[in-house]
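Listed below are the residues making up each chain.
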Amino acid sequence: MTAKIGILTVSDRAHRGIYQDRGGPAIRDYLAEVLTSPWQAVPLVVPDEFEQITAALISMVDDSGCSLVITTGGTGPARRDITPDATEAVCEKMMPGFGELMRQVSLNFVPTAILSRQTAGIRGAALIVNLPGKPSAIRDCLDAVMPAIPYCIDLVEGAYLTTDKSKVAAFRPKSQ
Amino acid sequence: MTAKIGILTVSDRAHRGIYQDRGGPAIRDYLAEVLTSPWQAVPLVVPDEFEQITAALISMVDDSGCSLVITTGGTGPARRDITPDATEAVCEKMMPGFGELMRQVSLNFVPTAILSRQTAGIRGAALIVNLPGKPSAIRDCLDAVMPAIPYCIDLVEGAYLTTDKSKVAAFRPKSQ
Amino acid sequence: MTAKIGILTVSDRAHRGIYQDRGGPAIRDYLAEVLTSPWQAVPLVVPDEFEQITAALISMVDDSGCSLVITTGGTGPARRDITPDATEAVCEKMMPGFGELMRQVSLNFVPTAILSRQTAGIRGAALIVNLPGKPSAIRDCLDAVMPAIPYCIDLVEGAYLTTDKSKVAAFRPKSQ
Chain R
2 MTAKIGILTV SDRAHRGIYQ DRGGPAIRDY LAEVLTSPWQ AVPLVVPDEF EQITAALISM
62 VDDSGCSLVI TTGGTGPARR DITPDATEAV CEKMMPGFGE LMRQVSLNFV PTAILSRQTA
122 GIRGAALIVN LPGKPSAIRD CLDAVMPAIP YCIDLVEGAY LTTDKSKVAA FRPKSQ
Chain P
2 MTAKIGILTV SDRAHRGIYQ DRGGPAIRDY LAEVLTSPWQ AVPLVVPDEF EQITAALISM
62 VDDSGCSLVI TTGGTGPARR DITPDATEAV CEKMMPGFGE LMRQVSLNFV PTAILSRQTA
122 GIRGAALIVN LPGKPSAIRD CLDAVMPAIP YCIDLVEGAY LTTDKSKVAA FRPKSQ
Chain C
2 MTAKIGILTV SDRAHRGIYQ DRGGPAIRDY LAEVLTSPWQ AVPLVVPDEF EQITAALISM
62 VDDSGCSLVI TTGGTGPARR DITPDATEAV CEKMMPGFGE LMRQVSLNFV PTAILSRQTA
122 GIRGAALIVN LPGKPSAIRD CLDAVMPAIP YCIDLVEGAY LTTDKSKVAA FRPKSQ
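Protein chains in written order, with the numbering used here: chain R, 2 to 177; chain P, 2 to 177; chain C, 2 to 177.
Since the hints were made in silico from the structure, they are not lab data. Just to be clear, a hint being listed does not mean it is correct.
One copy or two, either will do: identical chains are not told apart, so a pair holds if it fits within one copy or between any two.
Said to hold, decoys possible - In silico SDA-like links for lysine to any residue, alpha-carbon gap of 20 Å or less:
#1 K166 - Y152
#2 K5 - L156
#3 K168 - L108
#4 K166 - T37
#5 K168 - P112
#6 K168 - V111
#7 K94 - F51
#8 K168 - T37
#9 K5 - E34
#10 K5 - G66
#11 K166 - S38
#12 K168 - D144
I would like the entire structure built from these sequences, with the hints used as guidance.
Written out as structure tokens, the structure reads:
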């Protein structure tokens with residue numbers, strides 16, 4: 002079974018085409034490098050508009066059947082940064098550990114890591130994870146949380162993902 | 002004065018009796034080892050049902066007069082894991098530092114520690130703390146947060162707890 | 002342009018005058034030592050009353066034009082400790098990374114650091130940050146988060162703050 006993975010770029014500038022989307026491709030490249038089970042990207046670029054972000058997240062999970070949706074952009078304190086709020090609005094459960102760990106890891110690189118409001122949550126059989134917009138931060142954040150993602154998706158009964166152990170060691174506890 | 006401590010096991014399987022409750026006894030053993038002030042356990046096993054978890058928490062605090070309630074189980078991302086949500090529903094104040102520290106400590110053992118949604122909060126003169134279901138994780142989590150629990154209960158005007166300093170050094174600041 | 006910075010002491014005892022406010026002056030001294038751009042303090046002492054805390058925060062941001070408001074006191078679990086709740090009530094966006102980092106840093110000094118519910122958030126063009134009441138903890142917390150504060154205020158279009166690099170190295174990423 003091919004897993005569907007939503008890759009949602011949230012950016013006014015990328016949406017208007019005055020700026021090339023680099024976050025979405027960085028996520029796709031990372032997943033292509035790390036995942037060994039079959040998967041298919043469901044990419045989309047939306048502006049920083051609440052209704053468009055929530056509609057995209059709902060469609061990716063409910064219509065396209067994504068087991069994982071990764072967003073990039075819109076996680077800061079600025080007026081139009083609302084990706085975490087839109088994520089919370091469509092999730093049944095929030096997963097605070099993702100944001101905590103990603104901020105902690107990013108603090109090793111920049112003190113402004115605490116300004117990221119990125120979070121994660123569960124909608125149906127899917128995990129939604131927010132990443133920052135900056136491509137270099139995307140890799141650091143995914144390295145931190147990816148080991149826990151396949152088991153999380155098992156628990157919500159999404160697709161079964163496997164990883165290249167030399168890149169990311171996905172962890173599944175032996176017994177629940 | 003004997004402190005009452007609620008020990009709430011949240012588990013469909015333990016409740017139906019098809020699985021022996023190991024979380025509840027692990028918490029009781031830990032407290033017996035660590036507490037030096039008189040205390041009495043108020044144990045209960047409920048299924049992963051919102052109404053039954055909230056009713057148990059309310060009864061333990063409001064009726065039984067527990068100063069501390071420790072839950073085990075139901076903290077993950079799965080559909081029926083709702084203990085943190087039920088906890089939040091009955092608390093007047095949330096204490097995010099407990100979940101943050103317990104996840105951080107658990108990350109030393111398993112990368113899936115970020116999947117725990119465990120939290121803590123205040124209801125009346127009681128502190129409610131969520132622990133995972135796994136007995137080994139229970140000990141790691143309690144070791145991390147127990148030093149702060151007696152003073153927390155002082156601040157909400159619950160029972161006065163003391164600990165065996167060779168096991169857990171409860172901290173009370175000299176002056177507020 | 003002179004930045005306005007609100008310094009809000011939340012304390013029943015300091016408000017009644019039976020206790021000298023030490024938190025507010027500790028914040029003012031810290032800022033005087035660290036900031037090199039022109040600024041003006043907008044100080045106030047209020048009791049631990051929800052309506053008075055929210056009214057003070059709103060007035061400091063909306064009427065006085067503060068770009069930064071720092072509160073001290075009322076962050077614990079006790080019945081009258083409600084500063085984080087009042088902060089959340091007036092903010093459009095919460096910034097969980099501030100509380101996480103300040104608790105983590107304070108854990109290096111006392112295990113009861115997890116009892117602090119301190120948080121931060123954005124209202125209009127201002128950042129509001131909660132600090133504990135204890136003067137020594139104020140300095141530790143500000144040392145931790147101050148490097149990220151000037152850039153945060155840039156992002157919400159508040160005043161431009163600069164710092165003495167030998168004291169606090171404010172970080173601004175080269176390109177967004």
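A quick look at each hint next to the structure:
In this assembly of identical chains, the alpha carbons of K166 and Y152 lie at most 20 Å apart only when taken from the same copy (14 Å versus 38 Å across copies). Within a single copy, K5 and L156 get their C-alpha atoms as close as 17 Å, which meets the 20 Å cut-off; across copies the closest is 35 Å, which misses it. For a Cα distance limit of 20 Å, the shortest separation of K168 from L108 across copies, 19 Å, qualifies, whereas the shortest one inside one copy, 22 Å, does not. Taking the shortest Cα distances, K166 and T37 sit within 20 Å of each other inside one copy (9 Å), while across copies they are farther apart (47 Å).
For the identical chains of this complex, K168 and P112 are inter-copy neighbours only, at 15 Å across copies versus 27 Å inside a copy, given an alpha-carbon limit of 20 Å. Taking identical chains as interchangeable, the C-alpha atoms of K168 and V111 lie at most 20 Å apart only when they sit on different chains, with a minimum of 17 Å there against 24 Å within one chain. Taking CA atoms no more than 20 Å apart as the test, K94 paired with F51 passes in both settings, with 19 Å inside one copy and 14 Å between copies. For a Cα distance limit of 20 Å, the shortest separation of K168 from T37 inside one copy, 11 Å, qualifies, whereas the shortest one across copies, 46 Å, does not.
Taking the closest pair of Cα atoms, K5 and E34 come within 20 Å of each other only inside a single copy of the chain (16 Å); across copies the shortest separation is 49 Å, beyond that limit. In this homomeric assembly, K5 and G66 come within 20 Å of each other (Cα to Cα) only inside a single copy, at 6 Å, whereas the closest approach across copies is 48 Å. With identical chains, the CA atoms of K166 and S38 are at most 20 Å apart within one copy only, with a shortest distance of 12 Å there and 49 Å across copies. In this homomeric assembly, K168 and D144 come within 20 Å of each other (Cα to Cα) only inside a single copy, at 9 Å, whereas the closest approach across copies is 33 Å.
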